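Q: Please take these sequences and the hints and turn them into a complete structure.
Listed in order, the protein sequences are those of chains A and B.
This note's numbering runs 283 ahead of the 1-based position in the first sequence.
This note's numbering runs 1 ahead of the 1-based position in the second sequence.
Don't read these hints as lab results, they were simulated from the structure.
Remember, predicted model here, so these are calculated numbers, not experimental data.
Hints may contain errors.
Unchecked claim - With a cut-off of at most 25 angstroms between alpha-carbon atoms, the simulated SDA-like pairs for lysine to any residue come out as follows: (1) A/K359 - A/R465; (2) A/K414 - B/S10; (3) A/K414 - B/Q23; (4) A/K359 - B/L14; (5) B/K198 - B/V237; (6) A/K299 - B/P255; (7) A/K359 - A/E342; (8) A/K359 - A/V310; (9) A/K359 - B/W6; (10) A/K359 - A/A400.
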Amino acid sequence: MNALDVSDVSFAYGAKEALRQVSFSLVPGRFAALLGPNGAGKSTLIALLTRLYDLQRGEIRVGGCSLRDAPRPALKQLGVVFQQSTLDLDLSVEQNLRYHAALHGMSRHQTGLRVDAELARQGLTERRREKVRELNGGHRRRVEIARALLHEPRLLLLDEASVGLDPASRLALNQHIRSLCREQGISVLWTTHLLDEVQPSDDLLILHQGRLVASGQAEELTQEHGGDLGSAFARLTTSGAAR
Amino acid sequence: MNAYWQCFSGIVLREWLRFVLQRTRFLSALVRPLLWLLVFAAGFRAALGIAIIEPYDTYIPYEVYIIPGLACMILLFNGMQGSLSMVYDREMGSMRVLLTSPLPRTFLLCSKLLATSLISLLQVYAFLAIAWVYGVQPPAPGLLIALPALLLVALMLSALGLLLSNAIRQLENFAGVMNFVIFPLFFLSSALYPLWKMRESSEWLYWLCALNPFTHAVELVRFALYERFNPLALGVCIGLTLVFVLLAVLTFNPQHAALRKSN
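A: Written as structure tokens, this is what we have:
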């Protein structure tokens, strides 16, 4: 069963089309990069995947469960790190995590175990009582990742999660997520507009002007569309290339 | 069922922690009604004599009359402010987290409304405590009886705020809410003057006040504080709370805010 199936999804803001007949699937345990210039429709797609917006057309299934017909089991399998931080800055790391666990209806006992485990995995155990405001950007992202993984989702969505981080933290975050993907068998959808965050073995989806203009393994796509990822991306995202 | 309880208590706990941590916001919310009580009412008492009216047993100074209205004013401001931020960007981040919960959206929104209402009650009781020290002392059992009345009013006003924020584009900022919602609701009610006094000056103003839901909210609290039961006010408040909550939940859609922005 696929971790995510997006079928024929279209979305418009009034008369302005943001997504046009987008379809793709994510295989379990793989790192998929969703690449697109600003305004390509990535944020709209994320809003639809997280049920912030209602589907206008098409179907989204998370782990086989329809987001429209069975939102509860679908959202249970989904962990999200949003582009803009959604942490309560004045609350401690642990309070933020416990709030998220409560929203997922987790028992107090289960919450305690999962908070300990995720903080340890993110190397934040020592900082659990610190206010989020006192953490740097990289650590805040780690708290958000710990939070997203708390309810043990099968699919982790990261919307431009590296925005605002310095190059070293950006690289560290990217590698960290890849190791989660390898070790935990979690599927990852990583949206970005930065080409250097994509590796040849990744599954790659390229979104441009609301359309999915390419999908496949990054290495194969670059060979097909010209030498390196940069020139392939440029070729695919010049206006005329949108099919 | 347990999942729902965990979720609700988590939402209440978060609101509580934010309340405790944002002391300045709490204090500034108290300044407004205290100014009305300590300055406006003190000056106004000479100009306005209050006859014996229900639920009071005797002539009362103006400070006593104005207390229920000011308690409801705290709920009005908090309800509008909280609901507005649920719809627009300031809290959109945390609303996104709330909405990724697998529990039904209706339950999440009602929990959020109830949680913010419970926190508002703390502010009301802090205000009543200061008023008590100042000399306005309703009967002690009345303070307890007023608790469910205040909670009902808080819920009604929060739900009204959410409904208005969902429906009206012009309410994107708090100044708009102040001018078009809070001030008309507050001034066209029995919060500052009894309705018979209003009737003496203008019949149509009287009817506007009599039909204003906020009047019924104030009267419900006023009667409860003095251990009296006001069935009309209770009926109106329960009915309107149900209608407002239902409509607010049905019309809540973050997509609308995004669609409005793009237009």
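Q: Could you run down the list of hints and mark each one as holding or not?
A: Each hint tested on the structure:
With a C-alpha separation of about 21 angstroms, the suggested pair A/K359 and A/R465 falls inside the 25 angstroms cut-off, and the hint holds. Restraint check: the Cα-Cα separation between A/K414 and B/S10 comes to about 21 angstroms, which is no more than 25 angstroms; the hinted pair holds. Taking the CA atoms of A/K414 and B/Q23, the gap is about 14 angstroms. The hint holds against a cut of 25 angstroms. For the proposed pair A/K359 and B/L14, the alpha carbon gap of about 22 angstroms is at most 25 angstroms, so the pair holds.
Using a Cα cut-off of 25 angstroms, the hinted pair B/K198 and B/V237 holds, with the two alpha carbons roughly 22 angstroms apart. With a CA separation close to 17 angstroms, the supplied pair A/K299 and B/P255 stays within the 25 angstroms bound. This hinted pair checks out: A/K359 and A/E342 have alpha carbons roughly 18 angstroms apart, not beyond 25 angstroms. For a cut-off of 25 angstroms, the pair hint linking A/K359 to A/V310 stands: about 18 angstroms separates their Cα positions.
For the given pair, A/K359 sits about 17 angstroms from B/W6 by alpha-carbon distance, which is consistent with the 25 angstroms threshold. For the hint pairing A/K359 with A/A400, the CA-to-CA distance comes to about 19 angstroms; that is within 25 angstroms, so the pair holds.
Consistency with the previously given hints is maintained throughout, with no hint failing.
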